[in-house]
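Novice: Take a look at the letters that make up each chain.
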Amino acid sequence: MSDSLLRTPLYDLHLSLGGRMVPFAGYDMPVQYRAGVMAEHQHTRTAAGLFDVSHMGQAHLRARSGRVEDAALALERLVPADILSLKTGRQRYALLTDGNGGILDDLMVSRLGDTLILVVNAACKDADLAHIAAALHEDCIVEALPKRALIAVQGPQAGAVLARLAPSSVDMRFMDVAEFEVAGVPCVASRSGYTGEDGFELGMAADGAVRVAEALLAEPEVAPAGLGARDSLRLEAGLCLYGSDIDRDTTPVEGALEWSIQKSRRTGGARAGGFPGADIILGQIAGGVSRRRVGIAVEGRAPVRGGARLFADDAGTKPVGHVTSGAFGPTFGAPVGMGYVEAGFEAAGTPLFAELRGRYLPAAVAALPFVAPGFKR
Amino acid sequence: MTVYYTKEHEWLRVEGDVAVVGITAHAAEELGELVFVEAKDEGTALSQGDSAAVVESVKAASDIYAPVSGTVVGFNTALSDDPSLVNRDPEAEGWILKLRVADAGQLAELLDADAYAALIA
Numbered sequence: 001m002s003d004s005l006l007r008t009p010l011y012d013l014h015l016s017l018g019g020r021m022v023p024f025a026g027y028d029m030p031v032q033y034r035a036g037v038m039a040e041h042q043h044t045r046t047a048a049g050l051f052d053v054s055h056m057g058q059a060h061l062r063a064r065s066g067r068v069e070d071a072a073l074a075l076e077r078l079v080p081a082d083i084l085s086l087k088t089g090r091q092r093y094a095l096l097t098d099g100n101g102g103i104l105d106d107l108m109v110s111r112l113g114d115t116l117i118l119v120v121n122a123a124c125k126d127a128d129l130a131h132i133a134a135a136l137h138e139d140c141i142v143e144a145l146p147k148r149a150l151i152a153v154q155g156p157q158a159g160a161v162l163a164r165l166a167p168s169s170v171d172m173r174f175m176d177v178a179e180f181e182v183a184g185v186p187c188v189a190s191r192s193g194y195t196g197e198d199g200f201e202l203g204m205a206a207d208g209a210v211r212v213a214e215a216l217l218a219e220p221e222v223a224p225a226g227l228g229a230r231d232s233l234r235l236e237a238g239l240c241l242y243g244s245d246i247d248r249d250t251t252p253v254e255g256a257l258e259w260s261i262q263k264s265r266r267t268g269g270a271r272a273g274g275f276p277g278a279d280i281i282l283g284q285i286a287g288g289v290s291r292r293r294v295g296i297a298v299e300g301r302a303p304v305r306g307g308a309r310l311f312a313d314d315a316g317t318k319p320v321g322h323v324t325s326g327a328f329g330p331t332f333g334a335p336v337g338m339g340y341v342e343a344g345f346e347a348a349g350t351p352l353f354a355e356l357r358g359r360y361l362p363a364a365v366a367a368l369p370f371v372a373p374g375f376k377r
Numbered sequence: 001m002t003v004y005y006t007k008e009h010e011w012l013r014v015e016g017d018v019a020v021v022g023i024t025a026h027a028a029e030e031l032g033e034l035v036f037v038e039a040k041d042e043g044t045a046l047s048q049g050d051s052a053a054v055v056e057s058v059k060a061a062s063d064i065y066a067p068v069s070g071t072v073v074g075f076n077t078a079l080s081d082d083p084s085l086v087n088r089d090p091e092a093e094g095w096i097l098k099l100r101v102a103d104a105g106q107l108a109e110l111l112d113a114d115a116y117a118a119l120i121a
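From first to last, the protein sequence lines are chains A and B. Reminder that position 64 of the first sequence reads as 64 in UniProt numbering, one-by-one numbering, no gaps. Reminder that position 117 of the second sequence reads as 117 in UniProt numbering, one-by-one numbering, no gaps.
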């Protein structure tokens, strides 16, 4: 079976670091290394963790006209985010929506010179790029970059590490994008990530990935971290996992992601609507939704996992929603989760009961994130 | 005192008619770090194969099945605050529950240390 799994350029390095490999989105990926998920999570929160995210999809979007504004306007036909106002050297979170207002994927969009750089989820990348190419081919060229690697270094000491290896990185703030070399390898760096911490994601040619990873790991603050820690870190940070917390059956407003729809794309804005599902999504911004994504905190230590039902009463007679992601939060020191609840139950502090093994555990809607972000604003 | 093992990667240390039950080092390694352990309440009568406890790792929840029929007579309360004790010392300090064995005849069907070692080899 592992013969059919894809490998990232860091596969051999994972094995040499004691990575426990598991199938993930078609790739053979490390869920943890020797230190274990808890230690890797805590190390990322206190120092810096190195994550291989090369399985994610990277692509360049360029306008046939050569004008990046045309590429931005074209992409706005597929996403509700304001791409036109994205300045060169900046990154923004966006959603690909469908005609029902559902979410096809979430992605990061960066502008660098005449190019928009897209980073999409591994499991969605083929479908995303086909969708974008089909919709925009008259105006744009979509260039998939399957040979590029992506390495995240995340944590409060990531900035100090990069400052040593790439001095120009010190000028970057949260969601900035810049190019510099690390260990002689040209990288496209964004000061962002998926942990709630300060940190960078570094894209580079596959043949330079090991050199960059080894240079980072040689720094005393950096330790490798696997997919297990990545999941508990993002959950504490209140960040959605596509396919669990958001999908085609949830809209950006139900998913509490309307912050990613800037004013210019909303009703009354300069370029209002014009993206798939705009009528539904803008209607929900104006008129509300019947359910919302919220944080879920459970009393005690038992983690409540995705799929668990949520009730308004401790007898389990009034269902009000369900959990979409849940785990023990090592930094929070208690179970953390997120899920959907009916309108009227979304305020932080609203008492709920989570079904776990036939019992109804006291829980409450929790403000997200569970752990304060460490971004360098 | 005799130690038995099961194909479900549990161990039992039988003292008189009470079996101390835990998970093997192999199981603890496979599960990864535990974040929660909970056993059935004391006094619960279990048939062989019933869920006797639940262990939650960072990844998933797993049932611990009653290796023999019996009544729950104890839980390792140290695990309530420190579930990772199971990972650090799975076959001693990290024991999970105590069962008063209802049918000692069932013990004969379990594995001994050599048979278990062969199972996981």
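Careful, some of the hints might be misleading.
Said to hold, decoys possible - Quick list of simulated restraints, FRET-style, between CB atoms:
(1) A:D12 to B:E91: 39 to 45 Å
(2) A:S85 to B:E29: 48 to 54 Å
(3) B:D41 to A:K147: 55 to 61 Å
(4) A:L217 to B:D63: 36 to 42 Å
(5) B:S84 to A:S290: 53 to 59 Å
(6) A:K147 to B:E8: 43 to 49 Å
(7) B:A115 to A:G184: 51 to 57 Å
(8) B:D17 to A:G333: 38 to 44 Å
(9) A:G333 to B:D63: 48 to 54 Å
(10) B:A104 to A:R248: 36 to 42 Å
(11) B:S84 to A:S264: 20 to 26 Å
(12) A:T267 to B:D41: 45 to 51 Å
(13) A:D126 to B:E8: 50 to 56 Å
(14) A:L15 to B:A104: 45 to 51 Å
Rather than coming from a laboratory, the hints here were simulated on the basis of the structure. Don't be surprised by glycine CBs; every beta carbon is placed ideally from N, CA and C.
Novice: Next, verify each hint and record whether it holds.
Specialist: Hint check results:
no., hint, result
1, A:D12 to B:E91: 39 to 45 Å, "violated (35 Å)"
2, A:S85 to B:E29: 48 to 54 Å, "holds (52 Å)"
3, B:D41 to A:K147: 55 to 61 Å, "holds (57 Å)"
4, A:L217 to B:D63: 36 to 42 Å, "holds (38 Å)"
5, B:S84 to A:S290: 53 to 59 Å, "violated (41 Å)"
6, A:K147 to B:E8: 43 to 49 Å, "holds (45 Å)"
7, B:A115 to A:G184: 51 to 57 Å, "holds (56 Å)"
8, B:D17 to A:G333: 38 to 44 Å, "holds (40 Å)"
9, A:G333 to B:D63: 48 to 54 Å, "violated (25 Å)"
10, B:A104 to A:R248: 36 to 42 Å, "violated (56 Å)"
11, B:S84 to A:S264: 20 to 26 Å, "violated (50 Å)"
12, A:T267 to B:D41: 45 to 51 Å, "violated (56 Å)"
13, A:D126 to B:E8: 50 to 56 Å, "violated (40 Å)"
14, A:L15 to B:A104: 45 to 51 Å, "holds (47 Å)"
Of the numbered hints given earlier, the model fails hints 1, 5, 9, 10, 11, 12, 13; all others are met.
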